[in-house]
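**Student:** Protein sequence lines, in the order shown, are assigned to chains A and B. Position in the first sequence (first residue = 1) + 1130 = my numbering. Position in the second sequence (first residue = 1) + 50 = my numbering.
FYI, nobody ran anything at the bench for these hints, they're computed from the structure. Here a beta-carbon is modelled for each residue, glycine too, at the ideal position from N, C-alpha and C. Any given hint could turn out to be false.
What the hints assert, rightly or not - Which stretches of chain B does chain A cover? Using the computed rule of at least three CB atoms under 8 Å from a CB of chain A, they are:
no.: 1; region: 72 to 84
no.: 2; region: 110 to 120
Said to hold, decoys possible - With a straight-line cut-off of 35 Å between C-alpha atoms, the simulated DSBU-like cross-links for lysine-lysine are:
no.: 3; chain 1: A; residue 1: 1182; chain 2: B; residue 2: 270
no.: 4; chain 1: B; residue 1: 202; chain 2: B; residue 2: 61
no.: 5; chain 1: B; residue 1: 490; chain 2: B; residue 2: 61
no.: 6; chain 1: A; residue 1: 1185; chain 2: B; residue 2: 187
no.: 7; chain 1: A; residue 1: 1450; chain 2: B; residue 2: 434
As the list claims (entries may be wrong) - Ranges of calculated distance between the beta carbons of each label pair, as one might list FRET restraints:
no.: 8; chain 1: A; residue 1: 1475; chain 2: B; residue 2: 120; range: 37 to 47 Å
no.: 9; chain 1: A; residue 1: 1316; chain 2: B; residue 2: 272; range: 14 to 24 Å
no.: 10; chain 1: B; residue 1: 333; chain 2: A; residue 2: 1524; range: 37 to 47 Å
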Amino acid sequence: MITTQKITEKSNFNIKIDTCLSELTLTNTNILSKMKLKKQQLYVIMITIIQKECKQILLDKRFLILTTLYVLIISLSLTIFANDYLRRLNNYSLNQSSSSEDFSAAKSPEPLSIFAKGVDAKTARSFIVWPGGIKVISNEESINLLFSLFTTPDVLYIFKVILSLFAILLTYDAVVGEKERGTLKLLLSGSIRRTEVIIGKLAARYITFLLPLLLVVTSGILILQIFTPISFSSGDLIKIGLFLLISGLYLLIFFSIGTLISTIAKESSVSLIISMLVWLVFVFIIPNSCSLIAKQIVNFPSAHYMEEQRNNIFVEVLFKEQENTSRKIVSRNSKLSMDFSNRFNNYLNTFEDISRISFVTNYVYLATDILNTGLMENRHLRDNVIRYQNDVINRGFDSESKPHFIYKRLSLSNALQSNMFGFLFIVLSNATLLIFVFYFFIRYDVR
Amino acid sequence: MIWEIAKKEIKINFLTFKFNISFILLFFIVIISSVVLATNYNRKVSEYQERVISNNRILDNYATMNRIQNSIKAIKPPTKMSSLFQGISDDLLVNSFDDDPTKVLFPLVDWIFIIGVIGSLLVVFLSYDSVIGEKEKGTLQLLLSHSLPKAKLLLGKLLGGLFSIIPPFIISVLAGLLVILLIANPEWGSKDYFALGYILFASLLFFTVIFLIGLIISSKVESSAAAVFAHLLTWVILVLIIPNLSPFISTILYPIPSADMISKQLYHLMNVEREEVIERELNKHKNSGLTEAEMFKKIGLDEIQERYRSRANKIQESYINQVMAQTLIAMNIAAISPYAQFLYIATDVSGVGVVNTINYLEMEEMYLNRMNSFMRKKYEEAVKSSNDFSIDDKLQLTERPTFNYAELGLAPRIIYTTPYILLLIIYNAIGFFISYKIFKRKPIV
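Full structure from sequences and hints, please.
**Tutor:** In structure tokens form, the structure reads like this:
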């Protein structure tokens, strides 16, 4: 009996010594070398820090408020845009059934537009080819003039504008706030390395923020799949998954920006204001100025002007000429269209080139192109409609056989290929920002 | 005493880092966007002139009864103040293969955005710690230890905040205005300057509402960190969420058929149903040996035409009413937010808002009617003078009525936006009252 007790006591003692020793080695690692610390121990420490931070954040009132708010907005937005999609789809099918006698090229509304409407209102229309040009019928009910005064609050907008702001609100005092409360000294006086502290802080905030987000989006998709006629194919689901992944990377940039400024700023109020201004410049000012600046460089006429020019050609030729009118109209029209298309594409290229300087625009391009509602899709559709128009013209407007317009939307690989730069830009922004965060935090003056 | 406090507030604000950096940013954004908006305006003006010239050329040289319908256009000149406020774009009214998709992805930076989003965010920065910051520093106790009533302190803070916003704001606006006038020369009259002044007044009212929300939150919460958090969230909800959701919510609450469906319905009514009825009536008298004109008289062709035309008008009218109802619902939902109130005032008074667009559409319709009756008259005259005049022969339209776009007068524009100004004033009053109530009960230790 006694011996066993002694043995257990001894073993307890041993364990104590072990822990002491391990703690000793831990403190030593900071001074001596990193090599002594085993990988497993590192993970354990990391996980404890993350757990501590997570618990702290979960108890935080503002985290709770932010999460509830964004869960609410995202579910509202999904409802609204699912509704919007279904209505447009309905209009589309009605249009299709009634316009069988025209040379009509129509694209159905994109189901993925529920997440990012992008230019889908512009692409998902019916384009009716006639000698005077291309008549356009929209599936949209956008006579409600207010639509053009406000922006479209789809999931992409929520990620781009609102969640990025929330990310900053969650991180602006990550370091400087702890310094002000005096807990940072305490944290760093322990045996934990600074890199671990900062990784823990970032990772905890990031994970606790993203988990509910993933939950609400996936449950949203499930609800849409089950309770509405909307059905996403497996390809669509992959696209949505990729969209979420990229959105995660995008939000990480803001987490890093908030943390970075939090390590540089002397006070948390200054940190907040600087990060808010950075947010303002990157999210609103740079992207929204780009189209104006691109228009300074490349001048191209408005839609009104083009419509009138086409009509003028139509009237003029019919008045002057007696025979072969439709061929003459078409040839003059195509000259006009060629000129316009060149300028238009030139404008779009300039616009894209200019706007690539901000990761926000890169994110928007990447997201909308993946979800088939971006400028790439718009260009692809334009090319297809023009090809269809040429086809109709070659056959002649009086011919019995009608060419069919078959539209295949861009595949994922197309979107990824042409957005390689954008993707790299986002990843590199993340990497640089994280390096800066480490650099500044390691040199951080805790006093 | 109020002025003493206000002066102190202004002095403190001018010395803070956040204040200075905010307004340097505001200044540069205003300058840059003004340069861009001005050149943009110049382009629009020259394009407008080009359009008028080419339209006149067509109407002068190639007008025939048969083909000219689509060339009769009420071409709208760019609104003078659209060099500052973009509002509802003219391109919205045309559905074209060639429209610019980039606007949808990235809306433009105009003065509405600068004042409404950037300006109000800067006001948030100025106001969130006005009470709690002083409490944290310990100076609130000092201030109230003298015989200073709390209402006066609050008013002083409000005025101080407001008067520290006004000078840099006015400086930025004037600099931007100078840029616009130098580059674009939009030929403003006294009315336009008054309208601009009125919009700036509305934007100050909007700023005070945001400031008062800051005061309320600042007197309510326990720390300045909580204050800024709560204030920013309120700002997000009021500026970014409510206005943007409102049009979509109204389409769910009050769904209407698409414009295209209505035009299909009208086409069916006029070109299928009406034709069928006329044909059926004509078939009845097929073998009576009457001439065509006599047959038309017998079946009452004019009456049938009239009946269908009035039916079509009724459909159109009821559709327009539905659209208006939907827009109104959306406007009223959004009008909860002071940002939307400011936006309505800015767009309507500057001539690029919903009322102005409706006004243009009405003028367009009137002009088209006038032009059509003028053409019919000309055509009938031509037919009378020579019997073989057909619809494909050239019409003389030299003394045709011209479209003179007259913007809605300043008085109706201001009257129309009065409810929103009143709402802003009411919000201000309520805001001050609540902030006073809360501040009175706040323990100062």
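**Student:** A separate judgement is required for each hint: does it hold in the structure or not?
**Tutor:** We went through each hint and held it up to the structure:
no., hint, in the structure
1, 72 to 84, "holds (count 5)"
2, 110 to 120, "holds (count 6)"
3, A:1182 with B:270, "holds (30 Å)"
4, B:202 with B:61, "holds (18 Å)"
5, B:490 with B:61, "holds (25 Å)"
6, A:1185 with B:187, "holds (30 Å)"
7, A:1450 with B:434, "holds (25 Å)"
8, A:1475 with B:120: 37 to 47 Å, "violated (27 Å)"
9, A:1316 with B:272: 14 to 24 Å, "holds (23 Å)"
10, B:333 with A:1524: 37 to 47 Å, "holds (42 Å)"
Of the numbered hints stated above, the single one contradicted by the structure is hint 8.
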